[in-house]
Structures are given as structure tokens and as C-alpha cells.
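Engineer: Residue-level listing of the chains:
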Amino acid sequence: MTAMNQALAVPLAPPRLPWVQRAAAWSRSQLFPSVGHSLLTLGVLALLCWCIPAALNWLVFDATFIGSSAKDCNPGGACWLPITQRWNLFVYGFYPQAEQWRVSLALVLAGAAFVLLFFKRLDRRLLLAYLALLPIVMWWLLKGGAGLPEVSSTKFAGMLVTVFLGTAGMIFALPLGILLALGRRSKLPVVRMLCVLYIELVRSVPVISLLFMASLMIQLFLPPDSAFDILLRVQLVLILFTAAYMAETLRGGLQNLPKGQYEAAMALGFGYWKTMGQIILPQVLKQSIAPLLTQFIGLFKETTLVMIVGVLDIVGIAMSTAVAPEWVEYGHEIYVFLAIYFFVICFALSRYARHLEQRMEQSRS
Amino acid sequence: MHKLNRAKLLLGAPLLALLLTGAQAAQAGVLDKVKAHGSVRCGVAGDKPGFSLIDDKGRWTGMDVDLCRAVAAAVLGDADKVEYLTTTAKNRFTALASGEIDILSRAASWTAERIANLGVDFTTVWFYDGQGFMTHAADGIEKLTDLDGATFCLSPGTTSEQNLEDYFGRRGLTYKTVVIEKSPELYAAFQRGRCNAISNDSSGLAARLALMNNPKDYALLPEVISKEPLGAFVAQGDTVWRNIVTWTAYALMTGEELGVTSDNVDELRGNKSASTDIARLLGTEGTIGKSFGLDSDWAYRALKQVGNYAQIYDRNLGQQTALNIPRGLNRSWKDHGLMYAPPIR
Amino acid sequence: MMSTHRSSNLRLSSVLQQGLVLALVAAVFYLLSSNAALNLKNLNIASGFGFLSQRAGYDISFSLIDYTPDATYARAYLVGLLNTLLVSVLSIVLATLLGGALGMARVSDNWLIKRLSGTCIEFLRNVPLVVHLVWWYGLVLALPGVKHSASLFGVVFLNNNGLTLPWLEQGSVVGWGLFLMLLGTLLAYVFCRLKEARGPWRGFACRRWPALLAGAVLLPVLVYALSDAHVQWEVPVQRGFGFKGGITLVPEMLALCLALSFYSASYIAEIVRGAIESVHRGQYEAARALGFKSGSTMRQLIVPQAIYPMIPQITNTYLNIVKNSSLGVVIGFMELVSSTGGTTLNQTGQAIECIALVMGTYCLISLVISLGMNIYNHRIGQRGH
Numbered sequence: 061m062t063a064m065n066q067a068l069a070v071p072l073a074p075p076r077l078p079w080v081q082r083a084a085a086w087s088r089s090q091l092f093p094s095v096g097h098s099l100l101t102l103g104v105l106a107l108l109c110w111c112i113p114a115a116l117n118w119l120v121f122d123a124t125f126i127g128s129s130a131k132d133c134n135p136g137g138a139c140w141l142p143i144t145q146r147w148n149l150f151v152y153g154f155y156p157q158a159e160q161w162r163v164s165l166a167l168v169l170a171g172a173a174f175v176l177l178f179f180k181r182l183d184r185r186l187l188l189a190y191l192a193l194l195p196i197v198m199w200w201l202l203k204g205g206a207g208l209p210e211v212s213s214t215k216f217a218g219m220l221v222t223v224f225l226g227t228a229g230m231i232f233a234l235p236l237g238i239l240l241a242l243g244r245r246s247k248l249p250v251v252r253m254l255c256v257l258y259i260e261l262v263r264s265v266p267v268i269s270l271l272f273m274a275s276l277m278i279q280l281f282l283p284p285d286s287a288f289d290i291l292l293r294v295q296l297v298l299i300l301f302t303a304a305y306m307a308e309t310l311r312g313g314l315q316n317l318p319k320g321q322y323e324a325a326m327a328l329g330f331g332y333w334k335t336m337g338q339i340i341l342p343q344v345l346k347q348s349i350a351p352l353l354t355q356f357i358g359l360f361k362e363t364t365l366v367m368i369v370g371v372l373d374i375v376g377i378a379m380s381t382a383v384a385p386e387w388v389e390y391g392h393e394i395y396v397f398l399a400i401y402f403f404v405i406c407f408a409l410s411r412y413a414r415h416l417e418q419r420m421e422q423s424r425s
Numbered sequence: 006m007h008k009l010n011r012a013k014l015l016l017g018a019p020l021l022a023l024l025l026t027g028a029q030a031a032q033a034g035v036l037d038k039v040k041a042h043g044s045v046r047c048g049v050a051g052d053k054p055g056f057s058l059i060d061d062k063g064r065w066t067g068m069d070v071d072l073c074r075a076v077a078a079a080v081l082g083d084a085d086k087v088e089y090l091t092t093t094a095k096n097r098f099t100a101l102a103s104g105e106i107d108i109l110s111r112a113a114s115w116t117a118e119r120i121a122n123l124g125v126d127f128t129t130v131w132f133y134d135g136q137g138f139m140t141h142a143a144d145g146i147e148k149l150t151d152l153d154g155a156t157f158c159l160s161p162g163t164t165s166e167q168n169l170e171d172y173f174g175r176r177g178l179t180y181k182t183v184v185i186e187k188s189p190e191l192y193a194a195f196q197r198g199r200c201n202a203i204s205n206d207s208s209g210l211a212a213r214l215a216l217m218n219n220p221k222d223y224a225l226l227p228e229v230i231s232k233e234p235l236g237a238f239v240a241q242g243d244t245v246w247r248n249i250v251t252w253t254a255y256a257l258m259t260g261e262e263l264g265v266t267s268d269n270v271d272e273l274r275g276n277k278s279a280s281t282d283i284a285r286l287l288g289t290e291g292t293i294g295k296s297f298g299l300d301s302d303w304a305y306r307a308l309k310q311v312g313n314y315a316q317i318y319d320r321n322l323g324q325q326t327a328l329n330i331p332r333g334l335n336r337s338w339k340d341h342g343l344m345y346a347p348p349i350r
Numbered sequence: 009m010m011s012t013h014r015s016s017n018l019r020l021s022s023v024l025q026q027g028l029v030l031a032l033v034a035a036v037f038y039l040l041s042s043n044a045a046l047n048l049k050n051l052n053i054a055s056g057f058g059f060l061s062q063r064a065g066y067d068i069s070f071s072l073i074d075y076t077p078d079a080t081y082a083r084a085y086l087v088g089l090l091n092t093l094l095v096s097v098l099s100i101v102l103a104t105l106l107g108g109a110l111g112m113a114r115v116s117d118n119w120l121i122k123r124l125s126g127t128c129i130e131f132l133r134n135v136p137l138v139v140h141l142v143w144w145y146g147l148v149l150a151l152p153g154v155k156h157s158a159s160l161f162g163v164v165f166l167n168n169n170g171l172t173l174p175w176l177e178q179g180s181v182v183g184w185g186l187f188l189m190l191l192g193t194l195l196a197y198v199f200c201r202l203k204e205a206r207g208p209w210r211g212f213a214c215r216r217w218p219a220l221l222a223g224a225v226l227l228p229v230l231v232y233a234l235s236d237a238h239v240q241w242e243v244p245v246q247r248g249f250g251f252k253g254g255i256t257l258v259p260e261m262l263a264l265c266l267a268l269s270f271y272s273a274s275y276i277a278e279i280v281r282g283a284i285e286s287v288h289r290g291q292y293e294a295a296r297a298l299g300f301k302s303g304s305t306m307r308q309l310i311v312p313q314a315i316y317p318m319i320p321q322i323t324n325t326y327l328n329i330v331k332n333s334s335l336g337v338v339i340g341f342m343e344l345v346s347s348t349g350g351t352t353l354n355q356t357g358q359a360i361e362c363i364a365l366v367m368g369t370y371c372l373i374s375l376v377i378s379l380g381m382n383i384y385n386h387r388i389g390q391r392g393h
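Chains as they are written, first to last, in my numbering: chain W, 61 to 425; chain E, 6 to 350; chain V, 9 to 393.
Just to be clear, a hint being listed does not mean it is correct.
[As the list claims (entries may be wrong)] Think about it this way: if two alpha-carbon atoms lie no more than 20 Å apart in a straight line, the pair counts; the simulated PhoX-like pairs of lysine-lysine are:
1. E:K62 <-> W:K215
2. E:K181 <-> V:K49
3. V:K155 <-> E:K148
4. W:K247 <-> W:K319
5. E:K181 <-> W:K131
6. W:K131 <-> W:K247
7. W:K215 <-> W:K247
8. V:K252 <-> E:K181
9. W:K319 <-> W:K334
[Said to hold, decoys possible] A few chain E residues that face chain V, going by a derived Cβ cut-off under 8 Å, partial list only:
10. T156
11. I185
12. R197
13. N201
Don't read these hints as lab results, they were simulated from the structure. These numbers were taken from a predicted model, which means no experiment stands behind them. Each residue gets a CB set at the ideal place from its N, CA and C atoms; glycine is no exception.
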């Protein structure tokens with residue numbers, strides 16, 4: 061009996077080794093599997109031990125965070141004064157002091173849109189309504205009009221511009237991108253050709269040439285004496301540009317949808333637009349949230365180019381700080397700040413996108 | 006020096022003749038536009054300390070700014086009725102020729118080519134300057150010829166490029182150029198080491214040196230390789246307006262010559278025993294103002310609200326300021342300088 | 009009967025729809041062009057491409073061909089185009105090497121290397137290209153001055169004025185040399201195909217890469233030996249604050265190349281990683297069963313299989329490098345966009361023609377690269393991958 065029990069018994073899991081032995085086993089297999097690898101590991105460790113303390117010293121321990129002018133800067137470390145002294149300029153641009161709460165509110169509302177994507181059980185219609193209203197509310201908050209004092213858009217600069225261009229650009233580009241993606245698969249040859257032409261044209265030229273088009277050419281195509289703000293022109297171009305890339309992202313989604321969906325819709329007697337609106341698009345959009353978020357990260361990085369046409373985003377403000385006579389010597393600190401700023405935001409967003417994607421795959425399987 | 010004085014007289018004489026023959030029979034010109042608009046549109050650089058600079062609170066200061074203010078005081082009665090428009094080295098003359106601005110007060114040099122080709126007229130020299138060079142002190146450069154093969158930072162569309170080509174070409178030396186449009190970026194490129202020397206008007210260089218964190222790291226070269234008579238330009242063809250701007254400048258110089266300042270101008274105006282020169286300047290005698298198309302208090306207002314040339318210079322470039330540029334050629338003719346205003350009579 | 013009626017209805021409605029779309033597009037075009045004509049007339053701006061034969065009047069700091077401010081705008085355009093191509097090619101090569109190395113490090117067995125390269129890739133990817141560019145420009149400008157240049161064997165000099173290399177005295181020789189190398193490669197390829205076509209068991213099969221390389225090198229050498237051409241190398245010599253002779257790659261160009269390379273290397277690394285990870289696990293096990301060592305497994309077995317799926321994505325990255333070279337305008341490097349789309353446009357005022365020229369050129373480059381990729385893909389697909 062006991063022999064049978066023993067034969068049938070599930071073998072016990074080996075006893076867990078104490079953590080020291082586990083760590084030793086792990087490092088032997090992961091860090092020192094062979095002679096070559098061991099040398100490499102030691103070399104890299106030596107390099108890190110040399111670089112990281114020196115970098116931390118310069119960045120944090122010997123750095124100057126508090127002060128009022130260049131004379132307060134400690135020469136052995138980084139001088140973060142150009143950024144701390146001009147922080148208002150970096151975030152709010154030239155916005156009047158009294159109205160800056162409007163900018164903060166607009167930034168918070170834009171950030172809330174990302175948080176909303178997180179909630180699975182949120183009603184789709186509510187999300188769409190929020191996204192549709194967001195640019196209008198932001199524009200009202202930032203520009204003024206009904207109830208709020210007006211602020212000229214020449215005063216928009218810094219983080220304010222980046223967030224505005226990114227959010228409004230993405231939200232307006234989405235319907236246009238959907239139309240283009242659908243048009244590309246259309247059975248009508250004229251529509252298909254026009255969409256393909258547009259998408260391929262926009263995707264083969266650099267963004268800068270499109271921005272130059274916005275700042276120099278668009279004015280010529282409008283009736284004379286119509287003054288069109290440079291910010292709006294740049295926004296228009298960014299929307300047209302993002303829509304083309306979005307069309308490509310959505311095309312993949314549309315192709316990967318099982319054919320059964322289209323056939324079922326046809327069997328139920330749905331027309332083209334009804335099929336798209338109620339069956340196909342909701343599924344495609346839901347699956348494409350992660351790629352679309354990646355697209356947003358790309359747009360966020362592309363908005364740094366607008367300083368070339370005179371719209372000062374955060375990079376533009378940073379550059380004008382770096383050439384001011386008082387802070388010319390501290391260009392390196394300003395560039396490091398920009399790198400850290402973008403890294404933190406873009407990395408967080410990309411992790412978020414990956415998390416959403418994994419959650420999507422889990423719910424599917 | 007004598008040659009220049011004669012040149013000044015030769016310039017002054019035809020202008021006077023024009024005035025006396027009543028050349029104000031011109032059509033609706035800039036003067037009427039300014040009166041209708043209610044302010045003088047002044048094209049300035051905006052980033053040149055001592056000449057035209059806007060501070061954080063939005064106040065404009067500088068030599069060029071003060072000239073426009075004096076014109077506004079003379080024409081419209083109030084020195085603050087000026088609209089400032091920033092122009093770059095590339096678009097400054099086209100803005101003037103097209104009528105976008107009334108006066109180009111941007112420390113631009115008076116050259117034959119500009120008068121002939123650009124559709125603009127010169128008024129009078131407001132500041133005598135020359136093209137100078139600034140280098141890094143660590144390079145140990147003592148004279149310009151040490152810079153053979155060096156890279157120069159220049160701004161486009163100015164006389165600097167041509168002057169440098171002439172100087173270096175004649176001596177068989179080579180050089181490379183880095184051309185950047187905006188002044189702050191130009192200086193930043195030089196300070197970061199992109200070029201070995203930067204060339205600009207000496208006044209501009211001194212002004213920038215005063216703003217730098219460590220001026221000892223830089224050195225100004227002794228050579229001044231060109232004549233740069235700086236002054237205000239107006240659009241071509243409008244003699245009335247040109248006379249107004251020119252003679253406002255002369256009135257400020259005359260004020261220094263006669264000892265009239267913004268503090269004592271009221272007293273001198275009321276004083277019956279003041280000299281005839283002062284009386285004619287301040288409008289209590291003669292009808293000069295009317296011949297220009299202005300009222301008799303034109304010079305009085307300019308002197309009272311802005312001050313005479315010495316006061317303007319001290320306020321912007323004097324010893325109390327960070328720039329501290331010695332007057333040099335810009336002294337009054339009485340002090341052996343070149344500031345010589347034709348008599349206002 | 010019913011079906012033909014329905015289908016003719018459908019055809020009519022589709023024709024109507026397309027007609028409507030076309031009419032809309034035509035109306036928009038008409039509106040825009042009439043506005044444009046009116047505006048151009050009001051602003052006194054000329055039309056047409058005649059400006060290309062006018063004097064340019066501006067200097068370009070780096071140019072592969074002879075250029076002075078007295079040259080025409082057309083020549084300035086050519087100089088810009090050559091600069092764009094040069095920067096793109098250099099960046100593509102550097103990015104591929106860096107990206108390949110990073111990608112291989114990312115799939116290494118060594119945990120430290122894997123994590124470190126992962127962090128590097130994330131950092132390089134999430135920082136926008138503009139920030140990369142100004143960062144590298146600041147670094148390049150912080151190099152020591154000309155009088156304290158770092159030099160390699162006394163012929164290559166690096167300082168904050170750029171990288172100075174020896175160059176050929178007559179610039180045109182380089183053009184001829186490149187052309188002959190291309191011709192040699194083409195002839196070698198044709199030779200190989202002919203040899204293979206005669207049957208794989210007749211004589212030896214032509215190993216492609218060595219043959220192409222031989223063709224690329226032998227033909228120019230042959231032509232040089234047979235002809236009278238005299239090739240003279242110029243070694244740069246320091247004179248005052250500059251160098252006499254040789255060619256100097258300006259700091260703007262160095263910064264642009266480095267920024268583009270490091271930024272794109274992160275994307276290439278991710279592509280390489282994805283391709284290697286997509287190779288079936290069974291391959292590794294089979295290799296181990298056959299007694300392959302870890303290193304040669306990678307080299308001889310995994311990597312060749314991983315190359316095929318990489319190609320479309322890598323071509324896309326190369327295309328992005330060419331497009332991103334337009335960022336030269338940020339630091340004042342005269343490539344295509346900043347010369348024709350920037351200075352030429354400012355001076356002539358003809359915005360539409362200049363921008364159309366720039367965009368058309370990029371479209372052409374994209375087309376050529378995509379076509380090349382399609383042909384290569386087709387070829388590899390045919391060989392039954």
C-alpha cells in the first residue's frame with residue numbers, strides 16, 4: 061500500500077534554497093556563464109561604478125538649485141537656475157499671471173483623458189463625448205471668449221503649446237484618419253486612389269516641409285486679408301499629417317478583423333455606414349488603443365519641431381533661454397533637463413500603452 | 006575733420022534752400038499719415054542694449070528709441086505716442102520702403118548703395134561707429150591679421166560681410182564665415198566656440214560685453230575696419246517727413262551746443278534775455294516750425310520730453326550704464342567731435 | 009431581371025458617388041488656386057521656376073561640389089540635395105552598426121548587458137530628435153579649438169570647427185570613382201548571374217558578396233591604371249586658425265549625423281530584437297542537439313533567418329532617416345530643406361515653387377527606396393524563403 065502510494069504520490073517540490081544560494085546560482089547563470097561573459101560583466105560593472113557616481117555628483121549633489129542669477133552657480137556642478145528661475149515661462153509661456161489657473165486646468169483635463177482610458181467598464185459613448193468636447197473646452201479655457209477674458213494666442217508658449225497641439229491634434233486627426241482608412245479600402249476606385257495618393261504623399265515628405273507649408277504657403281491659398289494665426293495653421297498641418305499615419309495604423313486593424321464580422325453584418329442587412337459605425341469601428345478602435353497611444357507619443361515628439369516656424373513650445377523656450385546672455389554657458393543643463401522631461405513622459409506613456417495592450421490580449425484569450 | 010564739416014554744410018545748405026522755397030507743397034505724405042494714425046511707427050532692432058531694447062516690463066530704451074520719441078514729441082506733442090516694430094537685418098529696408106514703418110531707427114549705416122537702390126533716404130548721422138571684432142581672450146589674438154584661416158560669425162545682409170572680404174582679400178588671407186540671422190543666437194554661437202571671432206559694430210560688441218557673465222574671457226580687437234555712420238532712414242521721396250526727422254535730430258544736437266537741457270528749457274523759454282539762437286530753437290522767435298509743417302514748440306517739446314543729445318547719450322551709453330562707451334567721435338564739434346548741427350535759422 | 013436592375017442601380021449610385029467626390033475635390037482645387045493667383049499678383053511675387061537661374065547670393069558652409077555665392081539657385085539646390093544624401097548615407101551606416109550591436113546586446117544571455125542595452129534603447133527612443141540634435145551640437149562645440157585638435161596619424165583632425173580629412177585634389181575624381189565602383193558592382197552581378205544560369209553543377213557556384221566586392225574594387229583600379237588620370241591626395245596642414253587642403257566636415261554636419269544615428273539605432277535595435285525573438289524556439293534546440301556552440305548558433309543559424317522579416321521595417325527606418333535629415337534647419341546646416349526651402353525661399357519669396365521642389369524631391373527619394381525594397385523582397389520571396 062505504501063509502495064503504491066509512494067509510486068503514485070506526486071513528487072514534492074524541491075525545498076527552496078536560502079536566498080544567498082539562489083542569488084549565487086542566478087548570477088552564475090546570468091552574469092558569468094562563460095569566461096568571455098564574465099570579463100564583459102566585470103568591465104561593464106567597472107564602467108558603471110566610474111560613471112554613475114560622477115554623473116550623480118554633477119546632476120544632484122554639487123548642483124545649484126536655489127539662487128537668483130548666474131553668480132550663484134556652483135562651478136563644480138550643474139546649474140539648474142535657468143530652469144528654476146524661468147519655470148513659469150517653461151510651463152505657461154507668456155500667459156498673464158492672473159489667468160494661469162486656466163492653463164493648469166486645461167492641462168489637468170488633458171491628463172484626465174489618459175486616465176479615462178484605463179477604466180474598462182467606462183461607457184464607450186461617455187469616453188467619446190469627453191474626447192470630443194475636450195478640444196473645445198481647452199480652446200475656450202486658453203483663448204477666452206464667453207465669460208473669460210481673452211488672451212491672444214501669440215502669448216501661448218512652453219508646455220501649454222505642446223499639450224494643446226498634441227491633444228487637439230490627436231482628437232481631430234482620429235475621425236479624419238478613420239475616413240482615410242476606410243477610403244483606402246473602398247471599392248470605389250476614385251475614392252481609393254485619392255486616399256492612397258494623399259496618404260503616400262504625406263508619408264513620404266518630412267514634417268518640416270509641411271510646417272514650412274503651414275507658415276509660408278497656406279496664407280497664399282486663402283482669400284487676401286484673412287489673418288490666420290500661426291498656431292492654428294500649425295495645428296491644421298499637424299492634424300493632416302497625423303491623420304495619414306493614423307490611417308496606416310487603422311488599416312492594419314481593419315484588415316485583421318475576421319471576415320465573419322463583415323459577412324454577419326451583410327446578412328443582417330446593414331448598409332455600409334451602419335456596418336462600419338456599429339460593428340467594425342468599435343472593435344477596431346478598441347484593439348487599436350495601444351498603437352494609437354504610441355502614435356500620440358510620436359506626435360508629442362513631433363511637436364518639438366514647431367519652434368522652427370516660430371511657435372515656441374518647451375524646446376523653443378529652452379533654446380531662447382540657452383542663447384540669453386545670462387545663461388549662455390549653461391546650455392548643457394538645459395539640454396539635460398529637456399531630455400529628462402521628455403524621457404519621463406514618453407516612457408510612462410509607452411509603458412501605459414504596453415500595459416493596455418497586455419490587458420487587451422488577456423481579455424481576448 | 007574739416008572735410009566732414011564741409012560735407013555737413015554742403016548737405017545742410019540744399020536742405021535749407023528747399024525749406025525756404027516752401028517745399029512743403031508735397032502731397033499727403035508720411036506726416037499726414039502719422040497725424041491721422043496718432044502715433045509714429047518706429048522700426049527698431051529690439052535686442053540691442055543701449056540702442057533699442059525692451060525690458061521685462063515692456064519698456065523701451067535706447068538711442069534709437071529716444072530719436073523716435075523726440076520725433077513723436079515734435080510732431081504729435083507726446084513722446085510716448087510711438088509704436089515700436091521689431092525688424093531684422095533682412096527685412097528692415099523693405100518694411101520702410103513699403104510704408105509699414107515711418108522711421109527706421111535701427112543703427113543702420115549710411116552707404117551710397119543703400120541710398121541708390123533700396124528706395125530709402127537717410128536723415129542725419131546719429132552715432133558714428135565702425136566695424137570691430139571680438140575674440141576669445143584665451144586665443145591670444147592681438148591684431149586682425151592673426152586670424153588667418155579663422156571662422157567669423159556674421160549677421161546676414163549687413164555691410165560686415167563685404168568689409169571683411171575687402172580687408173582680408175587685400176592681404177591675401179583666407180577666412181570662413183558662419184552666418185546667423187538673429188543676434189542672440191549669433192553671440193551664443195561665438196561664445197560657445199563655433200567661431201574664433203565675431204564682427205559687428207563696435208557699439209554692439211561693447212554692449213554685449215557689458216551683459217556677459219565673464220567679460221574677461223573675451224577681448225575687443227583694436228582694429229575698426231570701416232566707417233559706419235549710423236542714423237535713421239525714411240522712405241524715399243517724402244522731403245517733408247525727411248526734414249522733420251533730420252531737423253529734430255539737429256535740434257537735439259543744437260540743444261547740447263547751446264546748453265539747453267530738459268531741466269532748464271522752460272526757464273530759458275521764458276527768459277526774454279536769452280540769445281537769439283536759443284529763442285529761434287525754442288520757437289519764441291522765427292517761423293521755422295511752421296515751415297516744417299509743425300507748430301513753433303516742436304523743438305521745445307522734443308528737448309523737454311527727451312533731453313538734448315548729451316543727456317540722451319549719457320542715459321543710454323554713458324558712464325552710469327553697464328555699456329560705458331566713451332563718446333569719442335560722437336562729441337559735439339565744440340569738444341572736437343563730429344556732432345555738428347547746421348544752424349536753425 | 010431583378011438582379012440586373014439592382015446591379016445597374018448600384019453601378020449608377022457608385023458612379024454618382026464618385027462623380028460627387030471628384031466634383032468636390034475639383035471645386036476645392038479651383039478655389040485654392042484662384043486665391044493663390046490673386047494673392048501672388050497682389051504681393052508682386054513672380055511665378056514659375058525661372059528663379060533657378062538667378063544668382064544665389066548666399067554662402068553654404070559645406071558642399072561636396074564647387075559652390076560660391078555667385079552660383080545659381082539651381083546649383084544651391086544640388087548642393088543641398090548632395091548634403092542630404094551624404095548625411096543620410098553616413099547616418100544609415102552608423103545607425104545600422106549601432107542598432108545591430110544594441111539589438112544583439114538586447115538578446116544576450118548576460119543579464120547585465122541585456123538590461124543596460126534595454127535602458128539605453130528606451131532612453132534614445134523616448135527623447136525627441138531635436139533634443140538629440142542640440143545635445144550633440146553642444147558636445148561637438150565643446151571640443152578643443154583648432155590649435156589643440158585631436159589628431160589621428162597626423163592626417164585626420166577633430167576640433168570644434170569640424171572633422172578635417174584628407175581629400176582628393178580634384179573633386180571630380182571622387183564622382184568618377186563612385187560611378188566606376190557602381191558600374192563594377194553591376195558588371196560583377198551580371199557575371200555571377202550568367203555563371204549561375206549555366207547550371208549549378210557546371211563549374212563552381214558564384215559566391216555573391218566576394219564577387220561584388222571584387223567588381224567594385226577592380227574596375228576603378230583597372231581604369232586608373234590604364235588611363236592617364238593622376239590622383240593626388242591632399243593632406244590637411246594647419247595654418248593659422250584653419251587647415252589648408254583636405255575637406256572639413258562642419259560641426260553641424262557631425263552633430264546631425266550623430267544625432268540621427270543614435271536616435272535611429274534605437275529603432276533598429278528594437279527591430280533586430282523583434283526579428284531574432286520571432287525565430288522559432290525549435291531552431292535553438294536543434295542547434296544544441298547538433299552540437300553548435302552558442303556564438304555560432306547566433307551567427308550562422310538565427311541571424312540569417314531573422315533578416316528576412318526585418319527588411320520592410322528597416323527600410324522604413326532608413327526612409328525615416330532620410331526624412332529626418334531635414335532637421336539640419338535647426339542648427340543651420342545647409343541641406344535640401346534649409347537651402348531651397350529656407351534661404352532660397354526667403355530671398356525669392358516664391359514659396360509655392362520652392363516647397364513643391366523640396367517635397368517633390370523627397371517623394372522621389374521615397375519612391376526609389378520603396379521600389380528597391382519591393383524588388384529585393386520579391387527576389388528573396390522567390391527564392392523560397
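Engineer: Against the 20 Å threshold, does the CA-CA distance of K319 (chain W) and K334 (chain W) hold or violate the hint?
Structural biologist: holds, 16 Å
Engineer: Assess, step by step, whether the Cα of K247 (chain W) is no farther than 20 Å from the Cα of K319 (chain W), and give holds or violated.
Structural biologist: Between K247 (chain W) and K319 (chain W) the Cα gap is close to 16 Å, so the pair holds against 20 Å.
Engineer: Regarding the pair K252 (chain V) and K181 (chain E), is the alpha-carbon distance no greater than 20 Å?
Structural biologist: Answer holds: K252 (chain V) to K181 (chain E) is near 12 Å, not above 20 Å.
Engineer: Are K62 (chain E) and K215 (chain W) close enough, with their CA atoms no more than 20 Å apart?
Structural biologist: holds, 15 Å
Engineer: Does N201 (chain E) pass the interface hint, meaning its C-beta sits closer than 8 Å to a C-beta of chain V?
Structural biologist: It holds, given that the least Cβ distance between N201 (chain E) and chain V is near 5 Å, below 8 Å.
Engineer: Is K155 (chain V) within 20 Å of K148 (chain E), Cα to Cα?
Structural biologist: holds, 17 Å
Engineer: Could you grab the alpha-carbon distance between K131 (chain W) and K247 (chain W) and see if it respects the 20 Å cut-off?
Structural biologist: violated, 69 Å
Engineer: Holds or violated: is the Cβ of T156 (chain E) closer than 8 Å to a Cβ in chain V?
Structural biologist: T156 (chain E) check passes; min Cβ-Cβ to chain V is 6 Å, inside 8 Å.
Engineer: Using the nearest Cβ pair, does R197 (chain E) come within less than 8 Å of chain V?
Structural biologist: holds, 5 Å
Engineer: Tell me if the straight-line CA distance from K181 (chain E) to K49 (chain V) falls inside 20 Å.
Structural biologist: Answer violated: K181 (chain E) to K49 (chain V) is near 40 Å, above 20 Å.
Engineer: Is it true that the CA of K181 (chain E) sits at most 20 Å from the CA of K131 (chain W)?
Structural biologist: Judged against 20 Å, a Cα distance of about 35 Å means the pair is violated.
Engineer: For the restraint on I185 (chain E), tell me whether the closest CB of chain V is nearer than 8 Å.
Structural biologist: OK, holds: I185 (chain E) within 8 Å of chain V, min 7 Å.
Comparing the model with each numbered hint stated earlier shows that hints 2, 5, 6, 7 do not hold.
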